[in-house]
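There are 2 protein chains.
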Amino acid sequence: MNKQKIDASTVICAVIGNPIEHSLSPAIHNAAFAACGLNWAYVAFKVAELKQAIEGIRALGIRGVSVTIPHKVAVMPLLDTVDEAARTIGSINTIVNTNGQLSGYNSDGEGALHALRDAGFDTAGKRVVILGSGGAARAIAIALALKSPPEKLTILGAEEQEVLKLSSDSARRGKVAVAGELLTDTSMSSALPDCEILIHATPIGMHPKSDQSLVPVNLLHKNLVVFDIVYNPLKTRLLMDAENAGCTIITGIEMFLNQAAVQFKLWTGQEPPIEVMREVLENHFK
Amino acid sequence: MNKQKIDASTVICAVIGNPIEHSLSPAIHNAAFAACGLNWAYVAFKVAELKQAIEGIRALGIRGVSVTIPHKVAVMPLLDTVDEAARTIGSINTIVNTNGQLSGYNSDGEGALHALRDAGFDTAGKRVVILGSGGAARAIAIALALKSPPEKLTILGAEEQEVLKLSSDSARRGKVAVAGELLTDTSMSSALPDCEILIHATPIGMHPKSDQSLVPVNLLHKNLVVFDIVYNPLKTRLLMDAENAGCTIITGIEMFLNQAAVQFKLWTGQEPPIEVMREVLENHFK
Numbered sequence: 001m002n003k004q005k006i007d008a009s010t011v012i013c014a015v016i017g018n019p020i021e022h023s024l025s026p027a028i029h030n031a032a033f034a035a036c037g038l039n040w041a042y043v044a045f046k047v048a049e050l051k052q053a054i055e056g057i058r059a060l061g062i063r064g065v066s067v068t069i070p071h072k073v074a075v076m077p078l079l080d081t082v083d084e085a086a087r088t089i090g091s092i093n094t095i096v097n098t099n100g101q102l103s104g105y106n107s108d109g110e111g112a113l114h115a116l117r118d119a120g121f122d123t124a125g126k127r128v129v130i131l132g133s134g135g136a137a138r139a140i141a142i143a144l145a146l147k148s149p150p151e152k153l154t155i156l157g158a159e160e161q162e163v164l165k166l167s168s169d170s171a172r173r174g175k176v177a178v179a180g181e182l183l184t185d186t187s188m189s190s191a192l193p194d195c196e197i198l199i200h201a202t203p204i205g206m207h208p209k210s211d212q213s214l215v216p217v218n219l220l221h222k223n224l225v226v227f228d229i230v231y232n233p234l235k236t237r238l239l240m241d242a243e244n245a246g247c248t249i250i251t252g253i254e255m256f257l258n259q260a261a262v263q264f265k266l267w268t269g270q271e272p273p274i275e276v277m278r279e280v281l282e283n284h285f286k
Numbered sequence: 001m002n003k004q005k006i007d008a009s010t011v012i013c014a015v016i017g018n019p020i021e022h023s024l025s026p027a028i029h030n031a032a033f034a035a036c037g038l039n040w041a042y043v044a045f046k047v048a049e050l051k052q053a054i055e056g057i058r059a060l061g062i063r064g065v066s067v068t069i070p071h072k073v074a075v076m077p078l079l080d081t082v083d084e085a086a087r088t089i090g091s092i093n094t095i096v097n098t099n100g101q102l103s104g105y106n107s108d109g110e111g112a113l114h115a116l117r118d119a120g121f122d123t124a125g126k127r128v129v130i131l132g133s134g135g136a137a138r139a140i141a142i143a144l145a146l147k148s149p150p151e152k153l154t155i156l157g158a159e160e161q162e163v164l165k166l167s168s169d170s171a172r173r174g175k176v177a178v179a180g181e182l183l184t185d186t187s188m189s190s191a192l193p194d195c196e197i198l199i200h201a202t203p204i205g206m207h208p209k210s211d212q213s214l215v216p217v218n219l220l221h222k223n224l225v226v227f228d229i230v231y232n233p234l235k236t237r238l239l240m241d242a243e244n245a246g247c248t249i250i251t252g253i254e255m256f257l258n259q260a261a262v263q264f265k266l267w268t269g270q271e272p273p274i275e276v277m278r279e280v281l282e283n284h285f286k
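Chains E and B, in that order, are what the protein sequence lines are.
Numbers 1 to 286, taken from the working numbering, label the letters of the first sequence in order.
Numbers 1 to 286, taken from the working numbering, label the letters of the second sequence in order.
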């Protein structure tokens, strides 16, 4: 078990959200601080009154903050600066407090990129399909478009307006060919055969509905890398189907891990102890 | 070494002040939480912008707060309620946050009372002299007057207006005979011979000027209990002189310990593990 010794010099980081009591972020970040010998500690605050909470974070000198549901969009106008990718995504999940100046970032998209790269894959120049158009899909699509542009990016989602907006935002900011379509068996049948990297960014398949998958088994093929951002269960129905079809799979734990690692680096300036952080998550889900 | 395991359910308490980096409060309270098996943690925040910090404490749901210099007076109008003793004292050092309702208390005076009682002495019906008229002296004089009124309370201080105000506040609220005078060798010569409990509540004798004492050695006598609130050094010049004169002595560590114990009970509702807390302080000063 990770343990922290707290004294009057301990630097404090926190996650804010509502609800918050099941967050794994304290466990993963405290383990990382301890592994690096940092006198830092990470706590969780359940927050309803966001404006006062942000003013408090400034006044209390809380160094780094993870922001989760329902505050990822509403928090943006309360910050001093928001980085370009997060502005385009339209949400942040990370605050860095530098002497009372609060800067916002979105580590989800970059976390997804790191997860793919750690597994030996980069989206640059590849044919990539993203399933979903909500917050997580936006973060990933825009990070890919800005930081590692695919040859072709196809976004398939259930909400037509969201899909169109995400497609045009990704295409405009990233100078990448983007196709956005309603997610149907037909659009998947068209997009998946020559796809190289499939990223599933919807909640389908999450516990307790872990028998569900959006992707027909016959569309999975062994040249496909399948990355599912759902991490509960660890191996989703989609990933089991993909494994059976001979695909390379990347689990949602890698996404969660890598977005946390990006936060760790933003706050501390140090390289994150990624194996220690992975161990915390793996032990939790074992 | 005290260590805390922090997860998303950990209840957070804090000390606010400026400066704060040498506070012993995190060490003592974290040890107490751990000893009681509470999933609580106590951190330190250096605070300049008090109003925003208090709003933040409310919004972040920080359960308990110790307030130290320079915020003990200015914080009062920012709270929802302040208890009678603290209102009369004119400062608080403790906040209890009950679902966003902030209540202020001053645990210094009650801590002094507990320290005396733990040593086997009560001020009720006794002849008591307090040296000093600043914040600590006020907290002690008013707590004594309200909660364990001496037969006679003499307040000797260097600031005439402060002494007069404290004397009249103590007399009015506590219905006790109070004499207030300027602190001089003459006033001490008059007050100390039949005094039973002497409480030193000025900074005189504190490190690095640890060779200083306000009290002439010839006025110390073996029927006197001498309680010095200075805890650095552990045994002040006054206490060494008192010990040589055959007095019973009570060190400042007992004051610090007992005010923290009163806070612990206000926040948790549980009896404080006082021996564990004392051990932390004694180890620190060893």
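A portion of the hints provided could be inaccurate.
For identical chains, the list gives no copy identity; a pair is met inside one copy or between any two copies.
[Said to hold, decoys possible] Okay, derived cross-link-like pairs now, DSBU-like style, lysine-lysine, Cα gap no bigger than 30 Å in a straight line:
1. K152 - K286
2. K5 - K235
3. K46 - K126
4. K235 - K51
5. K5 - K286
6. K152 - K165
7. K5 - K265
8. K175 - K209
9. K265 - K46
10. K152 - K51
11. K5 - K209
12. K51 - K175
13. K222 - K51
14. K235 - K222
Calculated from the structure, these hints are not laboratory results.
Every value quoted in this text rests on a predicted model; they were computed, and no experiment measured them.
At most 30 Å between alpha carbons: which applies to K235 and K222, within, between, both or neither? within (18 Å within a copy, 77 Å between copies)
Evaluate K222 and K51 at a C-alpha cut-off of 30 Å and name the case that applies: within, between, both or neither. neither (49 Å within a copy, 60 Å between copies)
Could you place K235 and K51 in one of the four classes (within, between, both, neither) given a Cα distance threshold of 30 Å? Intra 38 Å, inter 48 Å, cutoff 30 Å: neither.
Indicate which option fits the pair K5, K235 if close means a Cα-Cα distance not exceeding 30 Å: within, between, both or neither. between (35 Å within a copy, 29 Å between copies)
Indicate which option fits the pair K5, K286 if close means a Cα-Cα distance not exceeding 30 Å: within, between, both or neither. both (27 Å within a copy, 20 Å between copies)
Up to 30 Å CA-CA - K175 versus K51, copy category: neither (36 Å within a copy, 47 Å between copies)
Within, between, both or neither: K5, K265 at alpha-carbon 30 Å: both (21 Å within a copy, 22 Å between copies)
Intra/inter-copy verdict for K5 and K209 if alpha-carbon distance must be at most 30 Å: Cα proximity of K5 and K209: none, with 40 Å in one copy and 32 Å across.
Is it within, between, both or neither when you check K46 against K126 at 30 Å Cα-Cα? Classified as neither; 41 Å inside a copy, 49 Å across copies.
Indicate which option fits the pair K175, K209 if close means a Cα-Cα distance not exceeding 30 Å: within, between, both or neither. neither (37 Å within a copy, 70 Å between copies)
From the Cα coordinates, with 30 Å as the cut-off, is the pair K152 and K286 best called within, between, both, or neither? neither (37 Å within a copy, 68 Å between copies)
Check K152 against K51 for me: Cα-Cα at most 30 Å, and say if that holds within a copy, between copies, both or neither. Intra 40 Å, inter 52 Å, cutoff 30 Å: neither.
Of the hints listed earlier, those the structure fails to meet are numbers 1, 3, 4, 8, 10, 11, 12 and 13, in rising order.
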